[in-house]
Each structure stands twice: as C-alpha cells, then as structure tokens.
Amino acid sequence: MATTQNEADARLARLNANLAKVEELSKRLTAALARRKPADSALSGPGQDVYMKAATAYVAEMMQNPSKIIENQVSYWGKTLKHYVDAQQVMRSGELKAPADPTPKDRRFSNPLWEDHPFFNYLKQQYLLNSELISSTVDGLEHLEPGDKRRVEYFTRQIVDMLSPTNFLGTNPDALERAVQTDGESLVAGLENLVRDIEGNDGDLLVTLADKAAFKVGENIATTPGAVVYRNKMMELIQYSPTTETVHDIPLVIFPPWINKFYIMDLKPQNSLIKWIVDQGFTLFVVSWVNPDASYADVGMDDYIRDGYLRAMAEVRRICGTKQVNTVGYCIAGTTLSLTLAHLTKADDKTVKSATFFTTLTDFSDPGEVGVFLSDDFIDGIERQVSADGVLDKTFMSRTFSYLRSNDLIYQPAIKSYMMGEAPPAFDLLFWNGDGTNLPAKMAVEYIRGLCRDNGLAKGVFPVFGEPVSLSSIKIPICAIACETDHIAAWKSSYRSIAQFGSKDKTFIMAQSGHIAGIVNPPSKQKYGHYTNDAPMTTPEEFLAGATFRKESWWPRWGEWLAGQSGKKRPARTPGGPDNPVLALAPGTYVSATPKPSITG
224 MATTQNEADA RLARLNANLA KVEELSKRLT AALARRKPAD SALSGPGQDV
274 YMKAATAYVA EMMQNPSKII ENQVSYWGKT LKHYVDAQQV MRSGELKAPA
324 DPTPKDRRFS NPLWEDHPFF NYLKQQYLLN SELISSTVDG LEHLEPGDKR
374 RVEYFTRQIV DMLSPTNFLG TNPDALERAV QTDGESLVAG LENLVRDIEG
424 NDGDLLVTLA DKAAFKVGEN IATTPGAVVY RNKMMELIQY SPTTETVHDI
474 PLVIFPPWIN KFYIMDLKPQ NSLIKWIVDQ GFTLFVVSWV NPDASYADVG
524 MDDYIRDGYL RAMAEVRRIC GTKQVNTVGY CIAGTTLSLT LAHLTKADDK
574 TVKSATFFTT LTDFSDPGEV GVFLSDDFID GIERQVSADG VLDKTFMSRT
624 FSYLRSNDLI YQPAIKSYMM GEAPPAFDLL FWNGDGTNLP AKMAVEYIRG
674 LCRDNGLAKG VFPVFGEPVS LSSIKIPICA IACETDHIAA WKSSYRSIAQ
724 FGSKDKTFIM AQSGHIAGIV NPPSKQKYGH YTNDAPMTTP EEFLAGATFR
774 KESWWPRWGE WLAGQSGKKR PARTPGGPDN PVLALAPGTY VSATPKPSIT
824 G
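Residues 224 to 824 (the working numbering) are what the sequence shown spells out, left to right.
Please keep in mind that the hints were generated in silico from the structure rather than gathered at the bench. Among these hints, one or two may not hold up.
Once the Cα atoms are required to be at most 20 Å apart in a straight line, the calculated EDC-like pairs of lysine to aspartate or glutamate come out as [to be verified]:
#1 LYS665 with ASP599
#2 LYS750 with ASP728
#3 LYS727 with ASP572
#4 LYS491 with ASP599
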C-alpha cells in the first residue's frame, strides 16, 4: 500500500512539475506571438463577398426551391434525432458502449474509443452528420457562378475540417490518453514544439513537418557528384559528373521551380532523378535558383528568362561545344520555359533541340484547386504585401499549398506535434517541402496576375522583353509528364496546355500519383505506373479513353524519347572548362543560402 501511495505521490509531483513548465512555456509563447509582423488580411482568407454570395445563393434557393431545402434539413434533423435516441437507449441499458454507427470510415477517427466509447462516438457521429449537411447544402447551391461555387466549396471544406473534434485536446482521445500516461509530459513536449515553430517563423504558425536536424544538404541528401560551373545573381549552374564512359552529344539542362529547392530530384541515390539521368549517359546541368531578399523586389519574369534560362543555355553550349541543348522545365519553371521557347522562336534562335515539361500549366483557364487563390481579393492582397516587403515570403506559399491538403499537411502533423508531443519524423521529402524560397515582388505579381489569373500566355498577350509571345509558335519536339492526382497542376489542364503548342512531335504521359510522387518515381520502386496514347492530341477525355497503361515508372520511356533527341555518343565530359572553372562542389552555395548570397554580376 505504501508503495502504491509513493507512486501516486511521485506521479502527482511529476504532473505539478509539468504544469509549472507549461506556465513558463506559455510566457515564451506570448513573447513569440508578439513578434508576428502585421500581414495583409487578404492573405489569411477570402473577402467578405464570398460569404455574401453564398448566403445570397442560399436565400435564393430557399425562396425558389423551398422543398429541396426543407427536405435537406428534415433529413438532417431525422438522422440527428435518431442518433440521440439510440445513444440514450444504450445508456439506459447500463452498458458503457456506443450505439450502432453507420457513418463512413475516416482515418482521423482511428482510435477505438471513437467507435466504442459513448462520449467520443457521439461527438464523431454528430460532427460527421453536420459535415454531411453542410457539404450537401453547398453542393446544392445552384445560383452561384462556377468560380464562386468552387471557392465557397473550398473554404467551407476548410472550416469543416478545422472544426473536427480531433483538432481539440479535450475531444481527442489519443492526446488525452498520452497526457495521462506521461503525467502531462506529452503536453509539455507539445507546447515546446509549438513555441519552437512560432519562434522559428517570427510569430507565424507553420507546422514543422520533418526533423530538420536529420538532414544536411550535400551530406545525406543532394549528394550526386558534380560542380557549380557558373554563377550570377539569379542562379548557380551545376554540371554533374559522368558515370558512363560515353555520353550523348547534346547536353540536358533542367530548370526546377524556384518556389522550392532543386534537390527534390536528388533526395537520395535510390530515388534521385538527377543520378538516374546521369547514369543513362546524358551530360546533365541543373539550375539552382537564388533565394531572393528585398533587394530583388524589381526582378521580374524577364530577368528569370534572361539571366536564368538564356544565360544557362549559353553557358552549357560553351562548356559542351554544342550548338543546341535539350531542356526540362518543372512546374512554374516549365511555364517560364514555354515563354522562353516562344521568345526564341520569334528571334529565329534554334538553341533548344527539345523540351520536356514536368507538371506544367501554360493555360490557366481551369487551374484546378489552386484557382480558389486566383481571385482579386487574394491577388490584390499579395500585391499590397509584396509592395511593402519586396518579396512574397516563402511562408505564404508554403501555407497556401499545405491548405490544399490541410488534413495531411496541417492538422494531422499539428496533432502529433502539439497534442501528442511527438518529434517530427526524419522524412526527406517533408524536409524538402519545408525548405522554401521567397519570390521577388515583381515576378510574383506578373506570374499570379498576368499568367495565372489573366491567362496571358494562352491568350498570346503575355510579353517577353516587351513583345507578346504565343504557344502555337513553338515547333520543337515536346514531351510532357502530368500527374493523375496533382492538386497543384491538374493533369487535364496540363494536357490542354500542351495541346496548344505548335509542335508536330508531341508526347504526353500521365503518371500515377501527385505533383511530387508522380515525378519522383524511380523504376526500382515499381510503385506508380503511367498512361500513354500515341494518337494526336485532342481532349483529355479522349486521351484517357484510348490510353495504354503501363505498370512501370515513366522514367525509362522518357529516357528513350530523350535519347532520340540527344545525338550520337561521344567521350564523357568532366564538369567545367577553360572559361568555366569549378566554383564549388554540388549542390552549390545558393541551395543553402538564406535568403540571398553575396554576389554581383
């Protein structure tokens, strides 16, 4: 008995000590939140007009079709009341159990208590019933423009997901069980994680998704051997060391997106697209973009094209002694590559032999889920914010893309970190995901307003160096890879984009999975397959209807296509040359600089 009492006293002492730590951490939390910079309110949510339009549409629906509204409400009332009665009947039986649960499976509610315990099951069922009502009500709004309806659906879903009982300590059985088991230590660890994240983001809350100490760029990720052979204020040009005795004559240069770092294609040797390309006998160059600060405020799309694309191509040609290069553009870098190609066509410049596009949009008439952020309220807010800051801060872009998959990239990681007190996992993909870059003010507005919202490139009015360019003018061989479940660049929109190119030689591949996993899909994993269709490009629906599915990765198929564009074999090239000495070993200095390295030129 004495031992039991001693154990109880010890646990109480630990609990009190942890509560004292909570008080100290709360002071740090308050101080960290006070460091938050004021931000334009439009960056935190849609304008009031969205809600007004939704309310107006609901009233119109109620006036013009009251039976549908009443039917919807009566169905909800009936389900809610029946659930309440069922729960009461089980309680009268004297058993501590939940009533029958007809709600669909949801991985947020995986703890057995959500199924068995009457309190937690009641919360879950009522939440899901309410979610169903709200979703069906919004889906039934017929007096909204399609664009407005997409925004109402998206932001309604965000609110519903945010209010899940799993997101609150008092109604999350996993968190409560962990707190009891650890005498409150898990809550202390969770609060420490929360304070760390807010302090690390200058007062903003951005959930840390991966253990930052587990990876070091150039040591255990981004380790493919190579060297920086050129550097200017916009980029470092990395040439990778050959692994074959001979290589194709025409070199390949990859332009990655400058929203994140290039090493998504070089996380580790077994899934490195960069290493795989080198191993296939190609001379490979990759651009590593600068992470800009406010001094880059006036840098626009023309600067990226002139000092990034055109300069990189010129240096690659000089190093390799070739008249042409093959190119790859990924996401926003693919959009900008198409601008560059259209400009080169207008100048009758045949520098580029072929172009490959990874998850690229050039026609934004249907931008998919990202379209909810392309309305004037958001874009005007971005323009006001970047006018003050000189850059679009990386946290805004990271948060925006995370909310496209909020349960996976915000709420579940927050629950594990802040409620359960778990350390972030050592996951290289999530580490890269958190390693973003800023966007120059001018470029950000040109891209979001001129290309995304106004769809200037597809309309043939977006200017490069003052002259409008057209997709139909691009005649070189094209290969495009889009991803089936891409939430950033929807594959159908990517297909419609590539269909507008003037090239007669166009290959379109639809890979399984999403924006990243669909591209970083090494053959050795045998994880995701791909679809192809050799018929002329018409519509996405016709492509899919006549497509052939192959279980293997798309990499070897693309490799064969690229080999056909790359000329004969010749002795392998080592990085650099007389006019391009090695400036640093890969992955270079820009990839780790925060935000801008000191460089002139």
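Hints versus structure:
1. LYS665 with ASP599: holds (17 Å)
2. LYS750 with ASP728: This hinted pair is violated, its Cα atoms lying about 29 Å apart.
3. LYS727 with ASP572: holds (18 Å)
4. LYS491 with ASP599: violated (41 Å)
The earlier numbered hints that this structure contradicts are 2, 4.
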